[in-house]
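When we follow the numbering used here, the leftmost residue of the sequence shown carries the number 166, and every step to the right adds one.
Each hint should be verified, as a subset may be incorrect.
As the list claims (entries may be wrong) - In silico DSSO-like links for lysine-lysine, alpha-carbon gap of 30 Å or less:
(1) K257 to K287
(2) K403 to K287
(3) K409 to K257
If you're looking for bench data, these hints aren't it; they were derived computationally from the structure.
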Amino acid sequence: MAEEIIDLTSGLYRFLIAGEATVLAGRRAAEEARARFLQRASHLSQRFQEARRDAGERLSARLDEISASLGHVAAELDARRSRTGTLTETWKGLGQQYEALLDHVRTRRLAVPADVQLDHIKPRNYSRNLFHVGMGLVCILAYELLLGRGALIVVGSSALGLFIFMDILRRYSPYWNQHFVQRMFGAISRPGEAYRIPSATWYTAALLVGVIFLPQHAVEVGALVLAVGDPVASLAGKRWGTRKLLGQKSWVGSGAFLVVSFAAATTFLWLVVPGVGLARAATIASVLSLLGALTELLSRRLDDNLSIPLAVGLMAALLL
Numbered sequence: 166m167a168e169e170i171i172d173l174t175s176g177l178y179r180f181l182i183a184g185e186a187t188v189l190a191g192r193r194a195a196e197e198a199r200a201r202f203l204q205r206a207s208h209l210s211q212r213f214q215e216a217r218r219d220a221g222e223r224l225s226a227r228l229d230e231i232s233a234s235l236g237h238v239a240a241e242l243d244a245r246r247s248r249t250g251t252l253t254e255t256w257k258g259l260g261q262q263y264e265a266l267l268d269h270v271r272t273r274r275l276a277v278p279a280d281v282q283l284d285h286i287k288p289r290n291y292s293r294n295l296f297h298v299g300m301g302l303v304c305i306l307a308y309e310l311l312l313g314r315g316a317l318i319v320v321g322s323s324a325l326g327l328f329i330f331m332d333i334l335r336r337y338s339p340y341w342n343q344h345f346v347q348r349m350f351g352a353i354s355r356p357g358e359a360y361r362i363p364s365a366t367w368y369t370a371a372l373l374v375g376v377i378f379l380p381q382h383a384v385e386v387g388a389l390v391l392a393v394g395d396p397v398a399s400l401a402g403k404r405w406g407t408r409k410l411l412g413q414k415s416w417v418g419s420g421a422f423l424v425v426s427f428a429a430a431t432t433f434l435w436l437v438v439p440g441v442g443l444a445r446a447a448t449i450a451s452v453l454s455l456l457g458a459l460t461e462l463l464s465r466r467l468d469d470n471l472s473i474p475l476a477v478g479l480m481a482a483l484l485l
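Take the sequences, apply the hints, and build the full model.
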């Protein structure tokens with residue numbers, strides 16, 4: 166049964182990755198793409214129904230829910246007057262059900278073969294991308310113009326303490342888990358954040374550590390590289406990233422991260438850091454943007470909201 170669950174989880178993961186563009190296009194999707202999507206959804210739904218016969222009661226209910234969601238999203242896409250909002254919500258729910266199944270696989274330490282890819286899904290989310298950029302810029306401006314190091318440590322520690330409290334609370338309360346992930350932060354949350362530490366907690370921790378141990382401008386440029394590079398890499402990779410570099414990371418996404426973060430870091434170092442001319446700013450920015458792109462590419466188990474600002478900030482502290 167364990168091998169079958171892993172195979173079903175992998176199949177659902179591949180379906181979610183491959184089908185996102187078709188769902189976003191809705192009725193505008195090409196007929197061939199829609200037909201392929203509907204066929205895969207029907208086949209996968211049937212497989213989940215067959216697997217439930219040998220599963221325990223709790224797992225059977227979860228497999229039933231996934232099978233039903235596959236049927237609903239297929240029916241909505243195939244409807245003569247498909248409702249985009251309903252289709253998107255059903256698709257989002259299917260992603261959350263996949264993450265629950267992935268959590269089942271990992272918490273029970275099921276042996277996943279080396280050639281089977283199971284990872285968290287990262288749906289296209291423009292609200293999250295804008296929030297990501299905005300929060301990075303707000304944090305940089307706050308440190309540069311409003312708050313000193315001591316005040317920022319107090320604010321950062323308070324924010325991190327609040328996030329940790331919320332994470333602990335939702336671990337023991339399904340109600341609060343659903344409230345935080347789907348209601349309070351539903352517009353910017355990812356499905357997998359219901360079963361792991363959210364990116365906001367890692368990001369706050371990274372900035373707090375950076376403010377405590379690194380020079381001010383090093384922390385700021387680390388936050389800037391993450392703020393602009395990560396969302397652009399995600400958007401470009403999902404739109405044009407057909408050639409994969411590592412896992413779901415693409416050449417286009419990594420290249421977009423490199424170019425945008427280089428431009429942003431060069432501008433910041435040149436205009437904000439005293440004594441840094443344009444040529445030196447570009448040289449330092451090339452190193453920082455390359456390091457940021459490599460860190461984003463290689464951060465598999467470690468959240469890149471923690472690894473990127475700290476790696477880039479540390480390198481900036483050495484170069485400035």
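Each hint, compared with the structure:
1. Restraint check: the Cα-Cα separation between K257 and K287 comes to about 11 Å, which is no more than 30 Å; the hinted pair holds.
2. Proposed proximity of K403 and K287 is supported: the alpha carbons are some 10 Å apart, at most 30 Å.
3. Proximity of K409 to K257 is assessed by CA-CA distance (about 24 Å); at most 30 Å being required, the pair is judged to hold.
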